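Student: Counting the sequence shown from 1 gives a position; my numbering is that position plus 293.
The hints are simulated quantities; they were obtained by calculation from the structure and are not laboratory data. These numbers come from a predicted model, not from an experiment. Hints may be right or wrong, so weigh each one.
Said to hold, decoys possible - Derived DSSO-like pairs: lysine-lysine, alpha-carbon spacing no greater than 30 Å straight-line:
| # | residue 1 | residue 2 |
| --- | --- | --- |
| 1 | Lys-658 | Lys-668 |
| 2 | Lys-381 | Lys-344 |
| 3 | Lys-381 | Lys-351 |
Stated by the list, open to error - Here are the in silico distance ranges between beta carbons for each label pair:
| # | residue 1 | residue 2 | range |
| --- | --- | --- | --- |
| 4 | Val-597 | Ala-556 | 27 to 37 Å |
| 5 | Glu-579 | Lys-668 | 27 to 37 Å |
| 6 | Gly-376 | Arg-639 | 52 to 62 Å |
| 7 | Arg-464 | Gln-823 | 34 to 44 Å |
The beta carbon of each residue, even a glycine, is placed where N, CA and C say it ideally should be.
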Amino acid sequence: MEDLLDAARAAGDAADLGGLGDVGRVYEEGMSLENRRGKGVFYTPAEVASKLVSYVVKRGPVADPACGAGVFLLAAGMALASGGVDRKVVVTTQLFGADIDPFAVALTRHALAGWADIEVSEVTGVVEADALVGRRGLWPNISEEGFGAVVGNPPFLGQLRRNTAFTREQREVLRNCYGRLVGAYTDAAWLFLIHGLDLLAPGGRMCLIQPQSVLAASGGALVRSRLLEDARLEALWFDRSGVFSAQVPVCAPVVVREPDSHAKVNLLVDGSVTPAGTAPPPSGGESWGYLAAPLLGIPTVSPVANGCVGDLATVTAGFRQHFYGLVNAVRESDPDQSGRPLATTRLVDPLHFRWGSSPARFSGKRWLRPVVDIKEVTDPEVARWVAERERPKLLVATQTRVLEAMVDETGDVIPVTPLIVVEPQLQEIWRLAAVLCAPPISALAAVASAGAGRSPGRMRVSAGQVAALPLPVDQILWEQGASVAREISKVGARSTKQDWGYLGEIMCCAYEIEPRDVLDWWLSAHPALQGRNN
Numbered sequence: 294m295e296d297l298l299d300a301a302r303a304a305g306d307a308a309d310l311g312g313l314g315d316v317g318r319v320y321e322e323g324m325s326l327e328n329r330r331g332k333g334v335f336y337t338p339a340e341v342a343s344k345l346v347s348y349v350v351k352r353g354p355v356a357d358p359a360c361g362a363g364v365f366l367l368a369a370g371m372a373l374a375s376g377g378v379d380r381k382v383v384v385t386t387q388l389f390g391a392d393i394d395p396f397a398v399a400l401t402r403h404a405l406a407g408w409a410d411i412e413v414s415e416v417t418g419v420v421e422a423d424a425l426v427g428r429r430g431l432w433p434n435i436s437e438e439g440f441g442a443v444v445g446n447p448p449f450l451g452q453l454r455r456n457t458a459f460t461r462e463q464r465e466v467l468r469n470c471y472g473r474l475v476g477a478y479t480d481a482a483w484l485f486l487i488h489g490l491d492l493l494a495p496g497g498r499m500c501l502i503q504p505q506s507v508l509a510a511s512g513g514a515l516v517r518s519r520l521l522e523d524a525r526l527e528a529l530w531f532d533r534s535g536v537f538s539a540q541v542p543v544c545a546p547v548v549v550r551e552p553d554s555h556a557k558v559n560l561l562v563d564g565s566v567t568p569a570g571t572a573p574p575p576s577g578g579e580s581w582g583y584l585a586a587p588l589l590g591i592p593t594v595s596p597v598a599n600g601c602v603g604d605l606a607t608v609t610a611g612f613r614q615h616f617y618g619l620v621n622a623v624r625e626s627d628p629d630q631s632g633r634p635l636a637t638t639r640l641v642d643p644l645h646f647r648w649g650s651s652p653a654r655f656s657g658k659r660w661l662r663p664v665v666d667i668k669e670v671t672d673p674e675v676a677r678w679v680a681e682r683e684r685p686k687l688l689v690a691t692q693t694r695v696l697e698a699m700v701d702e703t704g705d706v707i708p709v710t711p712l713i714v715v716e717p718q719l720q721e722i723w724r725l726a727a728v729l730c731a732p733p734i735s736a737l738a739a740v741a742s743a744g745a746g747r748s749p750g751r752m753r754v755s756a757g758q759v760a761a762l763p764l765p766v767d768q769i770l771w772e773q774g775a776s777v778a779r780e781i782s783k784v785g786a787r788s789t790k791q792d793w794g795y796l797g798e799i800m801c802c803a804y805e806i807e808p809r810d811v812l813d814w815w816l817s818a819h820p821a822l823q824g825r826n827n
């Protein structure tokens, strides 16, 4: 560890951001993968930190509330000193950081001390603490006005993984600080945005790297809304290049603490932080996915509609309880035993159920023909939920590039979380199949959920979002589309590009949308056509 401290000081002495980034990476790689993931520890590439800081830091003081090895603070110090301010003055009066990891704090102190040519003990603005809880009290010497800039890369602690979820005690502490902003699925990184906003002086600017889920996740709506109460979104950096070793899609909102809801948002992309155009500003807690959509090649559409899916169907989604309640009831199909086909996300393709022709994974196992033995579903609540699904329905997959919906006319299939279940009257089932397979509807869903998927370009839609999808205005073309959807379903995996192109063009026209751009995008992303020229 002493070698890393020496290397951090040497990198600071040479004003070598890349070298300091290497120190952080070596320290990160020295941790077990479980420890890194549990703490959300993934250090920032020096090039990204440097370019984001140069965009954001216009004046001090500067705070990094989760400073890691100090790359952001060193970059901020170099930016402030470029105007002729003495390095020692910058480090001792303008740079402030915190981290819960004492060795990370030591790395930052050594780097800044080396850069300013001072003793490590003189770097008093970098402290070992949990900034989310400590708030402004960590740095008592800062004026009540606040910081000129807040930068950094806080830990990503999503609540769907056991090793990153808050304990009950942690959640209570955070709720005491942030109230109803702390929901069941609130990532700790989102709360750092609220903390950073509280630190900012009027006119101050903030850039904290975030999981892309902050843009569109329904659980982040209150956070997005809170940010826009006292600030405006000046820019959005959106990475498509996979610059982080964590393999988590990342972005960084650039927020300015000043009211101005009319200024356009500057778009920046990839590890090079390159300008990529502008977009209208967001409002309230609505999805910010539309900001990322053009960066992912998703077309913007304005369909002419008459009603929504929820007018014709009940739309639901199961919970974790329903998933685990089926585990002991699933087995391979046996002609001598009864069982109902199990549908997983992998088995759902547009208008095609791949059960029996493709393998599936469920509860950590690989299955060829998984079925549910209803008699073995012992949880009464899960058994009731399964019984209620015994009706004609459509199943919609998640984490897909376009909407993928299959039809279960007989009601025999048992869906498993996270599939979304759309349950109309039987006479509406093929009309809704055509809607969910319409290119404009996939584009709308992709725009609304851009950033929320596991990787850029993958959509993660909720039951509420599916229920709100619009119905087409042209009834005659809609009926024609329903007939074509039924015919495509009959041929299943043998459907052709011409089949899908015909359905897509009909449904574009049913929504009074010019087909060309949205149809090309939809066909290029369509799972039934990948690798085909037919």
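Student: Each hint should be assessed against the structure and marked as holding or not.
Tutor: Hints and how they fare:
Between Lys-658 and Lys-668, the direct Cα distance comes to roughly 21 Å. Compliance with the 30 Å bound is thereby established for this hinted pair. Using a Cα cut-off of 30 Å, the hinted pair Lys-381 and Lys-344 holds, with the two alpha carbons roughly 23 Å apart. Between Lys-381 and Lys-351, the direct Cα distance comes to roughly 19 Å. Compliance with the 30 Å bound is thereby established for this hinted pair. Hint check: Val-597 to Ala-556, Cβ distance near 30 Å, so the stated range 27 to 37 Å holds.
For Glu-579 and Lys-668, the hinted distance range of 27 to 37 Å is not satisfied, since their beta carbons lie about 46 Å from each other. Checked against the hint of 52 to 62 Å, the C-beta distance between Gly-376 and Arg-639 comes to roughly 56 Å, which is consistent with it. Checking the proposed 34 to 44 Å range against Arg-464 and Gln-823 shows it holds: the Cβ atoms sit about 42 Å from each other.
Consistency note: the structure conflicts with earlier hint 5 alone.
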